[in-house]
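Those protein sequences? They're chains W and R, same order as listed. By the count of this note's numbering, the first sequence reaches residue 465 at its end, each step adding exactly one. By the count of this note's numbering, the second sequence reaches residue 752 at its end, each step adding exactly one.
Hints are not guaranteed to be accurate.
[As the list claims (entries may be wrong)] Cut-off 27 Å, straight-line C-alpha distance, at most; resulting in silico cross-link-like pairs (DSSO-like, lysine-lysine): (1) K132/W x K491/R; (2) K327/W x K386/W; (3) K411/W x K39/W; (4) K61/W x K91/W; (5) K402/W x K699/R; (6) K586/R x K491/R; (7) K411/W x K41/W; (8) K637/R x K586/R; (9) K699/R x K386/W.
[To be verified] Using C-beta positions, here's what the derived DEER-type ranges look like: (10) E216/W x P477/R: 38 to 46 Å; (11) D518/R x N11/W: 33 to 41 Å; (12) N663/R x E216/W: 56 to 64 Å; (13) N696/R x V121/W: 51 to 59 Å; (14) G695/R x E320/W: 39 to 47 Å; (15) E216/W x G695/R: 31 to 39 Å.
No wet-lab data here; the hints were simulated from the structure. Even glycine gets a Cβ: it sits at the ideal position worked out from N, Cα and C.
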Amino acid sequence: MPEQAPEDRVNNFDEVPYGYTEELAVTEATRCIMCKKAKCKPACPVNVDIPGFLALIRERKFLEAARKIKEDNALPAVCGRVCPQEEQCEKTCVTGIKHEPVAIGRLERFAADYERRSGAVTLPQLPAKTGKRVAVVGAGPAGLTVAGDLILKGHEITVFEALQEPGGVLMYGIPEFRLPKEIVRAEVDYLKQLGVQFVMDYVVGRNSTIRELFDEDGYHAVFIGTGAGLPSFMEVPGENLIGVYSANEYLTRANLMKAYLFPEYDTPPISRRRVAVIGGGNVAMDSARTALRLGGDVTIVYRRAREQMPARIEEVHHAEQEGVDFKLLTAPTRVIGDARHRVVAMECIQMVLGEPDSSGRRRPVPVKGSEFIMEIDTVIVAIGNKPNPLVPRTTPELNVSKWGTVITDPKTMATSITGVFAGGDIVSGAATVILAMGQGRIAARSIDAYVRGEPLPQETLPKEK
Amino acid sequence: MFEILDKREIAPNIHKAVIHAPAVAKKARPGQFVILMVDERAERVPFTLCDWDRDAGTITLVVQEVGQSTRKFVLLNTGDSIAHVVGPLGVPLEIERFGTVALAGGCYGIGATLCTARAMKAAGNRVLTVIEADSHYLHYFRDELQAASDELIQTTIDGSEGIKGHSVDVIKQKLEAGETIDRVIAVGCVFMMMLAGNVTKPFGVKTLVALNPIMLDGTGMCGACRVTVGNETKFACVDGPFFDAHEVDWDELWDRRAAYSDEEIHAVARTEIIDHHRPAAARARLA
């Protein structure tokens, strides 16, 4: 796929890949051999009819292709960009055994972009209103999926969001150059056109409790999709020095608050010279590439080896191309500040890989006496998030695990409270956009049955990775 | 949008604003705060709730102009609207019958003391309110606080009205004189709250302070507001804003509040000097 040259894109926040042209898309879709029993479809967490939409692209029926995807996926332009397709649909592609797999993700993105740009977004026929009201807590990927699925079933949907704009991590977390915010807004607008109500600046847990949503506001079911909104820190000395940020703060400033457009926007960016990003996931890559664009020299510090980085290969590759430095098998031991408590350096220790741990990955072990000092002025901690505590703390009857995640039945996403369902990072800890959407899909199916007074469907959706 | 129903400068650079925000007013409790975004490009800035009216669906805030976003706010007038108001956030203050409760307020904290005084009095406490300002003309809410408290004492740093000195000096004198104070709640600048903790510690009086670090989302998401209390990292937005003054790492809070001072100075320097007598023109330049 054509993309901006690395030397250009480090100076802007525009999207990196340009996307397929019509010709490229048709050529790529023609590579699909149309397997009778397509393995790609069940490998998709929301079960998109992949051969179906590829066939339509082949016939140049691009609008129809987009509509085909939307039958199963409320956010195709988002998923085409941020799904780890290489671990899901594309991993099972038969063409991929001998050659490159069909670029399903890029084609999904193409179809969705084509429809959006054509302005020919059409709304499906909505069924008669059921009179059932569902409250969705959190306007992130899980909540948007639930809203999109249930509005098509004729229910009345209200989405409550604490921040000023819907989208959750799609707005505050994933940077503009990877997922333009205009696209998130367009996908949210589509839901609004379908009739989904959005209430911004509303904190469930504070403005209403879950119980009050039923008793006072008359909702028949509630979905909790409040995400992994409590950043973890490293628990090393010096972590509260000025210049140590959670990736959430760093990215929220840049993305949601548009700090990269400061002073046109009022929120100041964090733009210092020498930046260390701790972690090896997609959030670490996003932070590193944002810091580059804000003018820093950036080093990723990760305690395991490259093969064990949880980030998508494409993201690591993009970061590398743009000039991010990698210090692998390295772990911070303390952050060092000056007299004004501002970060001036970080002490790290070298690691070697030992025996596999419970996750199956070889455990990094520190090498005695290998400590060294990195001169830096900014540390961005991207080692994960804990679940947001607001709803669990204000809902005593909601069962949560020792990690603070909401306990659900994986077949139905039902919680310990009747009529309350949950999905996304508030359930799984910290995972991907598409897994959150997959859980949203299951929850929506259960909520639909629940409000109709039917038993909850128990059959599992296609297996997730 | 959230309409400003009434706004006036009740003391130099002390702006009282009554804002229509029914969802906030419905659940507001003493000690909680809101996050406000003046327009779609503004910062998210926390403000302590001073008062509210559940029936009218309004909240009352006190705002001081200290930087770009608060400058935008004070340029608004009655009838204008604010883009976003979210709250009530934070853990409400524990309101019980403690006996005698001393409330210390300074700067914006004078306003924040009002709802606490009322609630503490309603819970059956003897409420001693001590408010401080640099000089007599910076005091405000006197009548309201007088009505809400059993005793109201004013101090000024320059001695121009009431007792000369800090509010905590009054509390200290009372404790030294053997008067029983069961709980102290201090809201104001970092220095004033730190002093409050230092003064009450030898007497073992439980002292709560409303910490005011920089916040972004206010719901636990960003971690910008982390403070060290009792050697543990806490998030002021979801664990606070009230903490035990005797356990707070004050040096760290002091520094962290200045984390963006360079950027803030940069922002203010890049906007023109505002003529407060012509707010419409000033707003146009800021837009």
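Going through the hints against the structure:
no. : hint                        : in the structure
1   : K132/W x K491/R             : 25 Å, holds
2   : K327/W x K386/W             : 25 Å, holds
3   : K411/W x K39/W              : 22 Å, holds
4   : K61/W x K91/W               : 26 Å, holds
5   : K402/W x K699/R             : 19 Å, holds
6   : K586/R x K491/R             : 21 Å, holds
7   : K411/W x K41/W              : 19 Å, holds
8   : K637/R x K586/R             : 22 Å, holds
9   : K699/R x K386/W             : 14 Å, holds
10  : E216/W x P477/R: 38 to 46 Å : 43 Å, holds
11  : D518/R x N11/W: 33 to 41 Å  : 52 Å, violated
12  : N663/R x E216/W: 56 to 64 Å : 45 Å, violated
13  : N696/R x V121/W: 51 to 59 Å : 55 Å, holds
14  : G695/R x E320/W: 39 to 47 Å : 43 Å, holds
15  : E216/W x G695/R: 31 to 39 Å : 37 Å, holds
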